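Protein chains: 2
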Amino acid sequence: MKDIDFLKLVKSNIRSLRPYETKEIPCRVKLDANESPYCIDITPDKKILQRINRYPDPEAVKLKKAISMALKVNSANILLGNGSDELIYYLITAFGGPVLYPIPTFSMYGIISQALGEKNIEIPLNEDFDLDIDNMLAAIKKYNPKLIFLSSPNNPTGNCFSAERILKIIETSKGIVIADEAYQPFSSDKGFLPLLKDYRNLAILRTLSKIGFAGLRVGFLLADKDLINEVNKVRLPFNLNALSQAVALEAFKNKRLIESQIKNITSERERLFEELSRINNVSPYPSEANFILFKTKNADIVFKKLIKNGVLVRNLSSVVKDSLRVTIGTHGENNFFIKALKKSIGGKA
Amino acid sequence: MKDIDFLKLVKSNIRSLRPYETKEIPCRVKLDANESPYCIDITPDKKILQRINRYPDPEAVKLKKAISMALKVNSANILLGNGSDELIYYLITAFGGPVLYPIPTFSMYGIISQALGEKNIEIPLNEDFDLDIDNMLAAIKKYNPKLIFLSSPNNPTGNCFSAERILKIIETSKGIVIADEAYQPFSSDKGFLPLLKDYRNLAILRTLSKIGFAGLRVGFLLADKDLINEVNKVRLPFNLNALSQAVALEAFKNKRLIESQIKNITSERERLFEELSRINNVSPYPSEANFILFKTKNADIVFKKLIKNGVLVRNLSSVVKDSLRVTIGTHGENNFFIKALKKSIGGKA
Chain A
1 MKDIDFLKLV KSNIRSLRPY ETKEIPCRVK LDANESPYCI DITPDKKILQ
51 RINRYPDPEA VKLKKAISMA LKVNSANILL GNGSDELIYY LITAFGGPVL
101 YPIPTFSMYG IISQALGEKN IEIPLNEDFD LDIDNMLAAI KKYNPKLIFL
151 SSPNNPTGNC FSAERILKII ETSKGIVIAD EAYQPFSSDK GFLPLLKDYR
201 NLAILRTLSK IGFAGLRVGF LLADKDLINE VNKVRLPFNL NALSQAVALE
251 AFKNKRLIES QIKNITSERE RLFEELSRIN NVSPYPSEAN FILFKTKNAD
301 IVFKKLIKNG VLVRNLSSVV KDSLRVTIGT HGENNFFIKA LKKSIGGKA
Chain B
1 MKDIDFLKLV KSNIRSLRPY ETKEIPCRVK LDANESPYCI DITPDKKILQ
51 RINRYPDPEA VKLKKAISMA LKVNSANILL GNGSDELIYY LITAFGGPVL
101 YPIPTFSMYG IISQALGEKN IEIPLNEDFD LDIDNMLAAI KKYNPKLIFL
151 SSPNNPTGNC FSAERILKII ETSKGIVIAD EAYQPFSSDK GFLPLLKDYR
201 NLAILRTLSK IGFAGLRVGF LLADKDLINE VNKVRLPFNL NALSQAVALE
251 AFKNKRLIES QIKNITSERE RLFEELSRIN NVSPYPSEAN FILFKTKNAD
301 IVFKKLIKNG VLVRNLSSVV KDSLRVTIGT HGENNFFIKA LKKSIGGKA
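Protein chains in written order, with UniProt numbering: chain A, 1 to 349; chain B, 1 to 349.
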């Protein structure tokens, strides 16, 4: 029996790597993961299950065609991932670093980049949570990043970055700028899709995870076909399983239903924002996404009391001082959350 | 509009990378991908589809428990992947190279390692398709590989490597030795699972892809828990979608049916071997897997004629001279293949 220290055997960048936290805390109302509160009950075509002994279509031709028609982009401009997480992995594998992104933002850019041994450059957002354009441009000049990730609307702050600043970054950068539009469906902003043809170094990430299909793990990268071809080289050939392909395909047939759910979520968001604004010692940040970040005194304590009162939100106080993030739920869930929050702040939990 | 040469922008190791070939050639009988010819019709629990708006269990606790019980290993010794392909990706991401493997073997070891920018060391098998132990040990001494991949039974040759040689390699290596047992269920050899406790640097890859569930993309890594913990650091948190988790869980309840299908496949393999041996100018290699590699004159031409005659096999003539690989099908498919092969060799296609 050999004595092996695996921590010594792994690559040095892995030693200090802390994986993404996904501790499951059971709770009556789950508003922590920016999931849709609505589910569209889709049963995959029986034929798919009767062919599950066969490998999935490695090119997911049918699903690409559905996306192509829904978003009016060519199939050659689409790369599918097992969640957009996987596409971030592939982008960094193919292009390497340095990887630049503002903070706070979606934590996976930094985690994946570190896992792949690339250098991260983190530029704090300004006090309005918008891009600090001077520092961003200075960092681009200094480090010449291969990849720049801009989550817009940004998670966890909820706002869109100024389009003008994003354009300036795209125009300045010699690397690829990825607009991560996971939350774009909830925004009044039209997003960067219309600009895809004008900027070859612009790539867009979209996902089904926030609009009712987190369980499927389907994300897509939209970009110049030459860029797609390079990233495709590092893709595992059967990265999208047959069942997710089939259900995602059906999802695109329910576009209207999904759109009406999104409308519910955004109107609930506005209501929740008003409700939160009226609570003493609570101040919500405006949001273009399916969640609201809000400040509250003693966020760590309030977070724990909320759990006791039946609601799980995300504690982001280590990222944005005194702040919690709540996903927009159904009307009933949001009411339950508001009551629970009042109780939790009142200290009577 | 910027003029960007993406080929210059990608990492240098990506430039010459050719992705795994998965060209779909429609054919009446499909015997090219080492899939099971049998399907177990499993409908996932309705509850799973009604919760598809939620992220999947990131730890896949239930599925790990089922694997734990079936294989008599602890859940802490299991890491699940979106196919074992993904686990190969993670192993190389975590430990890096050099990556050593014999050739010919499963092409993904080399492709993934190149995608991740690691050095590959390829040692040809001896003329019996067994490990060339002297050259393997010399390469271990010279390069001190972090990872050694041994597919046993080996794809595409079909044989198991000598257990004694594998043990010698495990004992000599300071890195991790991965026994890729994708085809172990079809072998009379019991595999390396019983030795897992004795060798901390031994890891085993298994998959559901060859035993009836290629469409799900479920692979598992079995190893020391400290090794699992390190590889887990680079795993995407939601790498296994909810539907595949649910169907895979049901699959483990059909153990007996799967075992009887495996028995059919191995007895058909013996029959097919005999049939092939009797054809002039055809010589099959003995196989412990769900496929047979066979030599034939003018393999490239025979391959194309087989397609015309309704059977798709894998052309491996660029890897092993004059050879084709046929997956074991159903009794009827195998008969159809034998007839088509005779026709294709006779030149009357």
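Check before you lean on any hint, since a few could be wrong.
Where chains are identical, the list cannot tell them apart; a pair therefore holds if satisfied intra-copy or between any two copies.
[Said to hold, decoys possible] Here are the simulated lysine-lysine pairs, BS3-like style, with alpha carbons at most 30 Å apart: (1) K47 <-> K72; (2) K8 <-> K225; (3) K11 <-> K23; (4) K47 <-> K141; (5) K30 <-> K142; (6) K119 <-> K47; (7) K225 <-> K119; (8) K339 <-> K197; (9) K304 <-> K62; (10) K46 <-> K65; (11) K142 <-> K47; (12) K321 <-> K305; (13) K304 <-> K72; (14) K47 <-> K263; (15) K72 <-> K62; (16) K8 <-> K168; (17) K253 <-> K47; (18) K190 <-> K295; (19) K142 <-> K46; (20) K342 <-> K46; (21) K308 <-> K197; (22) K295 <-> K47; (23) K11 <-> K339; (24) K253 <-> K225; (25) K197 <-> K8; (26) K225 <-> K11; (27) K23 <-> K225; (28) K174 <-> K297; (29) K339 <-> K23.
In case anyone wonders, no lab produced these hints; they're calculated from the structure.
Remember, predicted model here, so these are calculated numbers, not experimental data.
**OP:** Go through the numbered hints given earlier and state which of them the structure violates, listing their numbers in rising order.
**Re:** Numbers 4, 5, 6, 8, 11, 13, 19, 20, 21, 22, 23, 28 - these are the hints that the structure violates, sorted from lowest upward.
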